[in-house]
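J.: Chains as they are written, first to last, in my numbering: chain A, 747 to 870; chain B, 198 to 386.
Some hints here could point you the wrong way.
What the hints assert, rightly or not - Only pairs whose alpha carbons sit at most 20 Å apart, straight line, appear in this in silico EDC-like list of lysine to aspartate or glutamate:
hint, chain 1, residue 1, chain 2, residue 2
1, A, Lys835, B, Glu273
2, A, Lys805, A, Asp769
3, A, Lys803, A, Glu791
4, B, Lys280, A, Glu829
5, A, Lys813, B, Glu273
6, A, Lys835, B, Glu296
In short, the hints are calculated from the structure, not lab data.
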Amino acid sequence: MATIVPATWDYTEEKVTTVIAEDLHIKGSLRFETSLMIMGSLEGEITSEGLLVVGPKAKINATIVTKRLISHGEIQGDVTASEQVVLKKTATQMGNITTQNIIVESGSLFNGSITMQGKESSSK
Amino acid sequence: MIFRKRQQSLEIIIGPESSVTGSLSTRGIARIDGNVEGNVTADWLIVGETGCMRGDVVSRGTMVAGRLEGNIRSDESVEIGSKGIVEGDIYTTKLSISEGAFFEGHSYMPRVRIVESDSGEVLSFQKGGKPSLGATAESGSFDKPWSLDRLSEKQGEGAQEKATKKRLTTRRRKWQLSSPLRGTTPKRR
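Turn these sequences into a full structure, and let the hints guide you.
T.: So, in structure tokens, the structure goes:
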């Protein structure tokens, strides 16, 4: 039952255009187009049309709007991803998720609600 | 398949052609491949791919490969398979949602992480690393070249250089021969 999602650190620093290092703490709003890996901490707001990777030691307290999110770290806040959200087993998510496709690995911590937009609810 | 776990006391099976209205309760495992309207209490609940259930679940573990409308309260784990559909709230300590699954509702998990699951990978890494150290220490493959060199220390510098070279090559060769990691690639996360 392998997932199509690439392995944890397939997103090396070469493939991800921007990396926020572990000792960098940001307050404010971020906007990017292609890809960003956050290893440090961030407070505020993230808006993007690309891939957001959250490193295992990262702490994010923000509202996130992106296309694709892969989280190994801690996120507090609502996430809206137009394509996919992946919560890896070290991930902690406190907040609601709105997405089309979600993967939650066993071991991750998730408190919040999921809304699957775009995918038809087959109960109707 | 994930459903092989703990089948030793499969108590309730609702076949794919049958439907039940009312609540089900068992101490064993319940497997639902048909239609159920009502609450289910079981040790483990399995909703098969053809299964469809409407009602609340109280169990130790729940696996959903079909459709479930209702709240799930499972002490140990909740798994939603890749074709699973869950509409309702989930209260559990361990949640896993496969790609392609549909889940709409709230997830409530205690804020303490269950360590068991994420030690798996770490252990497998340690397993790969440990034997290599143990093997070299036990076989003493490093000791012999060293003792040979000590004998040759009394000789001239040129000899010593040669000895060092020899020592390094034997050491490398021995390492390659003794290393249990030889020919294997380290496990990736």
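J.: Has the given pair, Lys813 (chain A) with Glu273 (chain B), been kept, meaning a C-alpha gap of at most 20 Å?
T.: Violated: Lys813 (chain A) and Glu273 (chain B) sit about 32 Å apart, past 20 Å.
J.: Assess, step by step, whether the Cα of Lys835 (chain A) is no farther than 20 Å from the Cα of Glu273 (chain B), and give holds or violated.
T.: Holds, because 16 Å separates the two Cα atoms, which is no more than 20 Å.
J.: Next pair to validate is Lys835 (chain A) with Glu296 (chain B); report whether the Cα-Cα distance is within 20 Å.
T.: Distance ~14 Å between Lys835 (chain A) and Glu296 (chain B) Cα, so the pair holds.
J.: Just to be careful, I want the Cα atoms of Lys803 (chain A) and Glu791 (chain A) compared with a cutoff of 20 Å; is the pair within it?
T.: holds, 19 Å
J.: Take the C-alpha atoms of Lys280 (chain B) and Glu829 (chain A), compute the straight-line distance between them, and say whether it is at most 20 Å.
T.: Holds. Lys280 (chain B) to Glu829 (chain A) sits at ~18 Å (cutoff 20 Å).
J.: Does the alpha-carbon distance linking Lys805 (chain A) and Asp769 (chain A) stay inside the 20 Å limit?
T.: holds, 11 Å
Hint 5 alone, counting from the list given before, is not met by this structure.
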